[in-house]
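Protein chains: 2
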Amino acid sequence: MQPVLRYLEEHRQEFIDRLCHYVRFPSVSAQPHHRADIDRCAQWLADHCRSIGLETELCKTPGNPIVLAKTPRKKGVKKPHYLIYGHYDVQPAEPFNLWTTPAFEPRIDGDSLFARGASDNKGQHLAHLNAVEAYLKTGTELPCDLTFLIEGEEEVGCTSLKGFLEEHAKELRCDTIVISDTGMPDLKHPALTYALRGIVAAEVTLHGPSRDLHSGIYGGSVENPAMALCQLLGQLRDKKGRITVPGFYDDVVNLSAYERKQLARLPHNESAYKKFLGVKELMGEHGYTAIERRSARPTCEINGLTSGYQGDGSKTIVPSWAKAKLTFRLVPDQKPQKILKLVEKHLKKLCPPAVRMEFEPGHGGVAYLVSPTSAPAQAALRALKNAFDCEPVLLREGGSIPIVNQFRKTLGADSLLLGLGLPDDNPHSPNEKFSLTAYTKGMKMSALLWPELAASA
Amino acid sequence: MQPVLRYLEEHRQEFIDRLCHYVRFPSVSAQPHHRADIDRCAQWLADHCRSIGLETELCKTPGNPIVLAKTPRKKGVKKPHYLIYGHYDVQPAEPFNLWTTPAFEPRIDGDSLFARGASDNKGQHLAHLNAVEAYLKTGTELPCDLTFLIEGEEEVGCTSLKGFLEEHAKELRCDTIVISDTGMPDLKHPALTYALRGIVAAEVTLHGPSRDLHSGIYGGSVENPAMALCQLLGQLRDKKGRITVPGFYDDVVNLSAYERKQLARLPHNESAYKKFLGVKELMGEHGYTAIERRSARPTCEINGLTSGYQGDGSKTIVPSWAKAKLTFRLVPDQKPQKILKLVEKHLKKLCPPAVRMEFEPGHGGVAYLVSPTSAPAQAALRALKNAFDCEPVLLREGGSIPIVNQFRKTLGADSLLLGLGLPDDNPHSPNEKFSLTAYTKGMKMSALLWPELAASA
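Those protein sequences? They're chains A and B, same order as listed. Heads up: the first sequence begins at 0 in numbering that gives the first Met the number 0, then just goes up one per residue. Heads up: the second sequence begins at 0 in numbering that gives the first Met the number 0, then just goes up one per residue.
To be clear, the hints were calculated from the coordinates, so they are not data collected in a lab. Backbone N, C-alpha and C define an ideal beta-carbon position, used for all residues, glycine too. Honestly, I wouldn't trust all of these hints.
Stretches of chain A that chain B covers, calculated by requiring three or more beta carbons in the stretch to come under 8 Å of a beta carbon on chain B [as the list claims (entries may be wrong)]:
no.: 1; segment: 144 to 150
no.: 2; segment: 280 to 292
no.: 3; segment: 305 to 317
no.: 4; segment: 369 to 383
Among chain A residues calculated to face chain B with C-beta under 10 Å, some are [said to hold, decoys possible]:
no.: 5; residue: 229
no.: 6; residue: 253
no.: 7; residue: 254
no.: 8; residue: 256
no.: 9; residue: 271
no.: 10; residue: 272
no.: 11; residue: 301
no.: 12; residue: 302
no.: 13; residue: 335
Work out the full structure, taking the sequences as your base and the hints as a guide.
Put into structure tokens, the structure is as follows:
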């Protein structure tokens, strides 16, 4: 193990230069005019994987190419097999004028490397590639087989990945998937994310009169759809911050005492959090902390409201219709389709007869949970502890990573989410950055992870 | 009198062409980008008044110009003086896509002339101008002095008119004011409107986080301003359709048994009314008929809702703010400023502490009531009867004409409301129209009105 760690230390500058090179590709998947940059970036990545000794394929898909890179297999030797997932595509860099220096010209300032894609996700999967390079270049035998799957459509919905996984299900079948694409509270709190929230969306429209009406001539004799919508949606949440839809909480797996204790260990400064969000007061479901509310409890959010006149001044009408965009964040084991049905049924029951309700179901994804006491999770926690020299924390994320459900379904394996991002990394925002310490310690974590995982298999 | 009526008959097509020309001006006072159209429209109107023999002034105001046009006065002859009020500004035409043909390109279909402003109010005051033209062009002596006051800010609260009336109080002092800006039940029920509702407007904005937030990462721990707005506004009306603001009904003058009997005489077919509005069910304050609800009872209407993402698909955010445009229709003797204060106080009390409420008061006007048995009212009823050849009815209108209170206050005169609009004219809505029969009979009514009024003086 020592040669591997020494190699990582001795090549530190080279790894930084490599990341600088990698982030120069403007591999923006959302923007068609960057299609050639996507191809160049994927080609460079494949060449790099080959150069460090991985058996590499640049795979065509209906969308952007996928890089598949494997450690050389020893014939007849059966080792555990782990898949490392990452993505080389990045978010658009707009608005460009808010960047201190250009988005695709890396700048190092102190411990930070600024560039689009530095944290999300080039720096994070490059850390794993560098760790494996150290094994291969020092001739240190890996206790497992590894396959890197690095795709180019994560920022646009992973469209091609599902088909690719189904087509390559046999060769990709593995014991565990490792993904570094989430975050940790700070450098003293390396983290294993063991749960994600799910989501389900819907659009509710209340139709009243066949057109906007003069509120003087007709107002008072006909239902106002905007008022009806307010009264309808207002009933979805009670005074204790709980969602009133009957059956909504039936499938919720409540937090265990152990989990609540772990979540309470997380660094959290309420006044700093309020200041960061720009609010005077926090609020949410009674009986839960802010961290629990935003990661381990389901929610009902109104994402948008539209009705009547929205321009300057006043327009004295009874609007013809009123609309709301809704999303519900879900937790294990809530099922998106079941929740949609419960919500629709409840709203239909509450909807006054003087308006007509239209309910349009939207996209959905289930929540995710792996046991933090499983052997692979415990192995990951040991690797985090030894690499960062601190006690790691257990995290639940409030957002969704739909791909982990796809992996579970197609490859039958759970994902270990070992994110290296910091809260101020600005992924998806101007001035995205990546901590060079997170990068270096991430490589060490990866190097330590494979023996731990293999030993626990 | 005969030459006047003959002139009106012989020039019918010319009057229709003139109205078509007049409605082509998109004189939308609420939208600053139409400012030049306002000026062009006022200039055309002034030129027209001059061309028919009126002594005309295009008066500058701090806002939109006012057209003042007088019949030539005979020196030393003291006649009764009547003021005819109208407005050349119109409501915004949005949403444009709901118009069968463009809002500012007049279309005649059967007895209807379709265009924004056709009924509200260009067609209605043009009928009076045409009648006076008939007197002037045929050399028929008017038994009274007439002054037309046609302004350009009626749809945005008549901001400049108050100062103008005060400044010109002496020359505008008159016996009665005549306004055609209301409606009649149908062409067989010409109407004198003896009461109007008042109005007061406000805009309520709830401010939450300083920017739209990722609903996965933060949702559940911070108030959603759109949900808070729904819950806040939903509480403004109870299950019996009554407004919950404490003190709201304190100054309401209840309907007398006589009035309820008169209103019950009006033609009203509930299933036709529902069909016309395009609703399955009517609704409103318990204990009142539809006619009473929309004319003699106060209301609270949401005119517009705006929050978060309103485009295609879904955007998973907690919006930074949510806004509603509100208007309250008032009845005698509710006072707009007092109601605004009560509403603001009530909303502030109900507003949750996790959002910041901004309450922006809007325009207001008190309700209006005149005796239908006064001499000028009786004169008007005779003119209506002879022009339309039917028994006229007595109406209360649900809408507001704040200016009648200003006239009463500044000029010391009551207003006769002799509206020519029909219930399906769609003022303030797409496909506004005006009945050509109402236009023609309206001119005749105006021609007959001046001798009746002068004889009753």
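Right, here's what the structure says about each hint:
{"no.": "1", "hint": "144 to 150", "result": "violated (count 0)"}
{"no.": "2", "hint": "280 to 292", "result": "holds (count 8)"}
{"no.": "3", "hint": "305 to 317", "result": "holds (count 13)"}
{"no.": "4", "hint": "369 to 383", "result": "violated (count 0)"}
{"no.": "5", "hint": "229", "result": "holds (4 Å)"}
{"no.": "6", "hint": "253", "result": "violated (15 Å)"}
{"no.": "7", "hint": "254", "result": "violated (13 Å)"}
{"no.": "8", "hint": "256", "result": "violated (21 Å)"}
{"no.": "9", "hint": "271", "result": "violated (13 Å)"}
{"no.": "10", "hint": "272", "result": "holds (8 Å)"}
{"no.": "11", "hint": "301", "result": "holds (4 Å)"}
{"no.": "12", "hint": "302", "result": "holds (5 Å)"}
{"no.": "13", "hint": "335", "result": "violated (13 Å)"}
In summary, the numbered hints that this structure violates are 1, 4, 6, 7, 8, 9, 13.
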